[in-house]
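Peer 1: Protein chains in written order, with the numbering used here: chain S, 9 to 166; chain A, -11 to 127.
Watch out, some of these pointers could steer you wrong.
In silico contact screen, one side only, chain A against chain S (beta carbon under 8 angstroms); selected entries [what the hints assert, rightly or not]:
#, residue
1, Arg42
2, Leu44
3, Ser64
4, Lys65
5, Pro106
Keeping only pairs whose Cα atoms sit at most 25 angstroms apart, straight-line, the calculated DMTMM-like set for lysine to aspartate or glutamate is [stated by the list, open to error]:
#, chain 1, residue 1, chain 2, residue 2
6, A, Lys90, S, Glu36
7, S, Lys61, A, Asp116
8, S, Lys144, A, Glu43
9, A, Lys65, S, Asp62
10, A, Lys56, A, Asp116
11, S, Lys61, A, Asp25
12, S, Lys144, A, Asp54
Keep in mind that the hints were calculated from the coordinates and are not lab data. Idealized CB from N, CA, C, for every residue including glycine.
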Amino acid sequence: MADEALFLLLHNEMVSGVYKSAEHGEVENGRCITKLENMGFRVGQGLIERFTKDTARFKDELDIMKFICKDFWTTVFKKQIDNLRTNHQGIYVLQDNKFRLLTQMSAGKQYLEHASKYLAFTCGLIRGGLSNLGIKSIVTAEVSSMPACKFQVMIQKL
Amino acid sequence: MAVCVAVIAKENYPLYIRSVPMENELKFHYMVHTSLDVVDEKVSAMGKALVDQRELYLGLLYPTEDYKVYGYVTNSKVKFVMVVDSSNTALRDNEIRSMFRKLHNSYTDVMCNPFYNPGDRIQSRAFDSMVTSMMIQVC
Chain S
9 MADEALFLLL
19 HNEMVSGVYK
29 SAEHGEVENG
39 RCITKLENMG
49 FRVGQGLIER
59 FTKDTARFKD
69 ELDIMKFICK
79 DFWTTVFKKQ
89 IDNLRTNHQG
99 IYVLQDNKFR
109 LLTQMSAGKQ
119 YLEHASKYLA
129 FTCGLIRGGL
139 SNLGIKSIVT
149 AEVSSMPACK
159 FQVMIQKL
Chain A
-11 MAVCVAVIAK
-1 ENYPLYIRSV
9 PMENELKFHY
19 MVHTSLDVVD
29 EKVSAMGKAL
39 VDQRELYLGL
49 LYPTEDYKVY
59 GYVTNSKVKF
69 VMVVDSSNTA
79 LRDNEIRSMF
89 RKLHNSYTDV
99 MCNPFYNPGD
109 RIQSRAFDSM
119 VTSMMIQVC
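Bound-form chain S, shown alone (with noise of 0.2 angstroms):
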């Protein structure tokens, strides 16, 4: 579908557009990061709000995560998550075995330390999902072969 397409080339975009708006220092402390992130923030509470619109009342948390690894996976990056695992005290790790996102770039080592920048924007994502579903949370990736990504998600219990 066309829309797929249109995401990944604005998201493309807006990573680079960041980065290039980036004033000096901008990039190694970790501010354009901290942007992206909040993008996705907004982008995450105005998406699940329109998800969840007609869908029955959550039970707990992990009925929410599921939630967010199957339906809200599926909207956005056309998949599920591939494992989700827990602790059952409020860390979530949700593996991707090829994340959307990731695939157009090379499988190798060479651009895995560019990896992050590309994964910021989802970390915003989840984290405003969660965060209009009333749960406060943080939410942090890591990559260690390409396409291949994990989201760790651990909730702050009030």
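With the hints as your guide, set chain A onto chain S.
Peer 2: Same frame as chain S, but now just chain A:
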């Protein structure tokens, strides 16, 4: 149809409230405010219930002499409260439900507007006119 429509944020402060007879505004604010306890009660009871009753629409919260108060809670814990004239007996549950759905759709549009900051008061003209259309139908 409805005499008062309110949208209450997750943290229980009003995002939007409008009532139709302007002179009694405070009375309606008070009514909506008291209804929040009933909303909380219903939502927490729903979590415990064995029956899988997980609809967003909460139904009648409480009736007063002249009015009926209905509630609805979205998945993002935003509450919609609607006060309806109880002399209007023709109004059935299904109609109330569809009014809430319309309200929810409009609210979603507001949330997805990039110029709206989540948590701010709703000042959208489209939302306003939708609420007006729900209020005028009978009056």
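Peer 1: State for each hint whether it applies.
Peer 2: So, going through the hints one by one against the coordinates:
1. Arg42: Where the cut-off is 8 angstroms and the nearest Cβ of chain S is about 4 angstroms from Arg42/A, the hint holds.
2. Leu44: holds, 6 angstroms
3. Ser64: holds, 5 angstroms
4. Lys65: At 5 angstroms from the nearest chain S Cβ, Lys65/A passes the 8 angstroms test, so the hint holds.
5. Pro106: Because about 5 angstroms separates Pro106/A from the closest Cβ in chain S, which is inside the 8 angstroms limit, the hint holds.
6. Lys90/A with Glu36/S: Measuring from Cα to Cα gives roughly 47 angstroms; hence the hint is violated.
7. Lys61/S with Asp116/A: holds, 20 angstroms
8. Lys144/S with Glu43/A: holds, 24 angstroms
9. Lys65/A with Asp62/S: holds, 14 angstroms
10. Lys56/A with Asp116/A: holds, 22 angstroms
11. Lys61/S with Asp25/A: Roughly 23 angstroms separates the two Cα atoms, so the pair holds.
12. Lys144/S with Asp54/A: Distance of about 41 angstroms is beyond 25 angstroms: violated.
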